[in-house]
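Engineer: Sequence:
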Amino acid sequence: MEHKPGSPDKGTAFSVSATLQCGTKLLDLSAPVVMGILNVTPDSFYDGGNYKDADNLLRKAGKLVKEGAAIIDIGAVSTRPGAAEVSEDEEKSRLFPVIEALIEEFPDAIISVDTFRAGIARECSQMGAGIINDISGGQFDAGMFEMIGKQDAAYVLMHIKGKPETMQENPVYDYVTKEIYNYFSELLEKRGLSGKRNIILDPGFGFGKSVSDNYRLLNDLNIFRDFGYPVLAGISRKSMINKVLGTKPDQALNGTSVLNTIALLNGAGILRVHDVKEAMEAIKLVGALKQSGLNT
1 MEHKPGSPDK GTAFSVSATL QCGTKLLDLS APVVMGILNV TPDSFYDGGN
51 YKDADNLLRK AGKLVKEGAA IIDIGAVSTR PGAAEVSEDE EKSRLFPVIE
101 ALIEEFPDAI ISVDTFRAGI ARECSQMGAG IINDISGGQF DAGMFEMIGK
151 QDAAYVLMHI KGKPETMQEN PVYDYVTKEI YNYFSELLEK RGLSGKRNII
201 LDPGFGFGKS VSDNYRLLND LNIFRDFGYP VLAGISRKSM INKVLGTKPD
251 QALNGTSVLN TIALLNGAGI LRVHDVKEAM EAIKLVGALK QSGLNT
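Going by my numbering, the letters in the sequence shown line up with residues 1 to 296, in that order.
A couple of the hints might just be wrong.
The following label-pair restraints were derived from C-beta to C-beta distances [as the list claims (entries may be wrong)]:
1) K277 to E189: 21 to 29 Å
2) R197 to A288: 28 to 36 Å
3) V244 to K277: 19 to 27 Å
4) D152 to E186: 19 to 27 Å
Treat the hints as calculated values from the structure; they're not laboratory data. All C-beta atoms in this analysis are idealised placements derived from N, C-alpha and C, irrespective of residue type, glycine included.
Start from the sequences and build out the full structure, keeping to the hints where you can.
Structural biologist: And the structure:
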């Protein structure tokens, strides 16, 4: 690790001029972008069941795009702590009609699919999804890395400790940042991903981490840019906010904006959020700070 853990340098993702291939589209990452969350699950921790109806889904997606989301991330399986597994057939029945509708309705948006199943990821890529967002880092389906290596879709490589059903029971690390850094290093170098350039790294806030682990990762976020890939921060309305403030997810917008701002200052290139407008405002304000020359 080139940086001292806990002391990230002051460079931010605004200094990185790059594009990322996402299927047939290119994502401009010269400044951070927003990934808007569109859940089609009945049991998501925040908005489960709100967008099962096709018209509601399209209205929600339209709002995400209008407010500035470059990416729409569709999730058909809840990954909240304690969530039960969903069958492959059920996941397909939830995902595929939504992907088709979004690609037709919002042709300029990049569609991301939140799945850990290689077969579903392949079919979604062939349908036009530009990003595969795999919460398992290839751990839940042995065919994921081979499949993603053959696709033009970008791949979100996330860290998780355990499975959603049990991941928050008692997560323990000697040093969380070092362990996740080594996890990324091993997968990128030894599991066939080293030749794939369109990768996004996600340290997995809330996925098998204590509250203190999450804040250590947020403080150290810049370290993961050592690998040369954009870093995604998925903090929106999570328990790392609510356990500190004593809030519930529907009260956590202010806390989300604060932590997203810190993530941007510490190198995040993509913010995965429920609330696009507020995330875009954070990006603009941190951009103004960078341009002023004060953030040096």
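Engineer: Determine for every hint whether it applies to the structure shown.
Structural biologist: Hint check results:
In this structure, K277 and E189 break the distance hint of 21 to 29 Å, their C-beta atoms being roughly 39 Å apart. Under the hint 28 to 36 Å, the C-beta atoms of R197 and A288, about 31 Å apart, fit the expected range. Checking the proposed 19 to 27 Å range against V244 and K277 shows it holds: the Cβ atoms sit about 24 Å from each other. Separated by about 25 Å at the C-beta atoms, D152 and E186 satisfy the suggested range of 19 to 27 Å.
The earlier numbered hint that this structure contradicts is number 1, and it is the only one.
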